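Trainee: Okay, so the sequence shown: first residue is 47 according to our numbering, each after it adds one.
There may be inaccurate statements among the hints.
[What the hints assert, rightly or not] Think about it this way: if two alpha-carbon atoms lie no more than 30 Å apart in a straight line, the pair counts; the simulated BS3-like pairs of lysine-lysine are: (1) K125 <-> K276; (2) K164 <-> K177; (3) K164 <-> K294; (4) K165 <-> K146; (5) K523 <-> K125; (6) K381 <-> K102; (7) K164 <-> K269; (8) K127 <-> K523.
Calculated from the structure, these hints are not laboratory results. All of these numbers come straight from a predicted model, not from anything done at the bench.
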Amino acid sequence: MTQSITTNQKPMSIVRQSFCSKKYLTATLTTILFSSIVTFIIFWCTDVLQSSLISKLVVSNNTPMFEWWSKPPVRALYKIKIFNYTNVEDFESGKANKLKVEEVGPYIYRETVTRIDKKFYPNGTISFREKRNFQWEGGSPDDEIVTVPSVPLISAIAMARDQPFYIQMALTSAISFLDTIKLKSTGPFVNVHAGGLLWGYDDNLFNAAKPFIKLQKNIPFDKFGLLAYKNGISEHSLTMNTGQDDHKKLGLIERVGGNSNRHVWNDDECDQVYGTEGYMFPPNMYDDPNSTLDIYSVEMCRTLRLKRNGNGKSFDIPTLKFSPPADTFTSTPIKNSCFCPISNNESEKKTSCPPAGIFNGSACTFGLPIVSSFPHFLNGDPMLRENIDGLNPSSELHETHIEVHPRVGILIGGSSKIQINIEARRAASVPFLGKIKDGQILPLIWIEVTVDKIPEPILSLMWHAYFTITIAEIIIKWISVLGVIIPTFIMINIFIKNRKYHDFADKKNITRQNKFLDGSIKKIQDGSGV
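Generate coordinates for the entire structure from the input sequences, incorporating the hints supplied.
Mentor: Spelled out as structure tokens, the structure:
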């Protein structure tokens, strides 16, 4: 009897042990399942890693990002080519019907930018000025002499065009007086060292023309040079959004000189200050193949919009490519009409749009008749090349594109290309332009700006910001999926087995009870003698 009880108790202890093991297993699986569901929701329905990364990009005081922004370790490379006019004498004497140019250079400079006079504001913006300087890295700008249009002369004549007769005569007298001093007649072309043309050279005519230029706007440099305005401290302060309150506004320029409207184009939309400086863009906003980037050019007083143009790779990091549309510099009465200049002549107030492919930025360049285009008048009106030989536009050589890091929105590659030209505008009482036609656009230089070097620590961060975070995100996402599927499968399997076990036990108990009842009935029957 005792042996029978002991034998029956062993299965009961095993059952209890098995029950406890299953209980602990179920609790563990439930914990894993719950954690996996939470992880699944976080990583599949939110951008937690991306948000953490973006938070490091906010420009706030005493952070690495602030230090990099204040003095960018990435220094742009400028490659400048000058259009040298090779047949000026033949053109002026009538032997040649067209001017002929050839490119000389490139003259290569490395730009260093430092942001100074920084001040934070409670609305999540920071104001600053930029100090730029350029170090020579290639070419022979101080040795090579080029023949180019006389920008001071052509500018003075252009600005005298809409002035009263007595001002035009005063300019003519001033130029003639300088001719007497120099014992040389003034013409529309000058010979100058390449470096002087770019950064500044002594020009008596420029000094004489200053009063006429200042009738419209002050100029911040003493020596005339096409890029002299870029060297040194910027004239205007800029106010930029730090991204503190909204990462979608990170890097956006909101004010120039304290104003959100430039009051240049007499149009609220065109005068609005909107866009970034072109090196940092709001992050994680460009998955759409039709997305755009807005760059605000202080020098042009306008926003330039670039469109997504596929994918690329820079420094072995996948990038998003953006390019300006072909008609970026085209203004018509229908499109970008606000960029068509209005004559200053009180008796003849009219709008005149430049040829296709030309942006007339004289309203923003101290009144100088400087106009911009893509190099060699790429995508411009063919008539721009009819009067000049030597211009050969090529999409491969002259198109602009930039490459942006897909996660952090920072510029890490590409090539920005722009050409600076001058428009000859005749004045009735001022000669000196020779055979140059009224309205003819003369190319001066074109500039290619690239990022050819990124310091190793920055490049490593850019690499990890893409590859490490992307891989980590993928791994965590799929681990969370497995963490949901596997525990669920095991728990379902346990439930099915338990159900089968209980069904089997119930059937066994019923069988035993039936046997017991049958034996009892039989005993009763045997005892009663039935």
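Trainee: State for each hint whether it applies.
Mentor: Checked hints:
Annotation: proposed proximity of K125 to K276 holds, straight-line Cα distance about 15 Å (limit 30 Å). Taking the CA atoms of K164 and K177, the gap is about 12 Å. The hint holds against a cut of 30 Å. Under the criterion of a C-alpha separation no larger than 30 Å, the hint pairing K164 with K294 is consistent with the structure, at around 22 Å. Taken as a hint, the K165 and K146 pair is broken in the structure, with Cα atoms around 50 Å apart against an allowance of 30 Å.
The hinted pair formed by K523 and K125 fails the criterion: a straight-line CA distance of about 46 Å is larger than 30 Å. Under the criterion of a C-alpha separation no larger than 30 Å, the hint pairing K381 with K102 is inconsistent with the structure, at around 40 Å. Of the pairs offered as hints, the one joining K164 and K269 holds, with about 29 Å between alpha carbons and a cut-off of 30 Å not exceeded. For a cut-off of 30 Å, the pair hint linking K127 to K523 is broken: about 51 Å separates their Cα positions.
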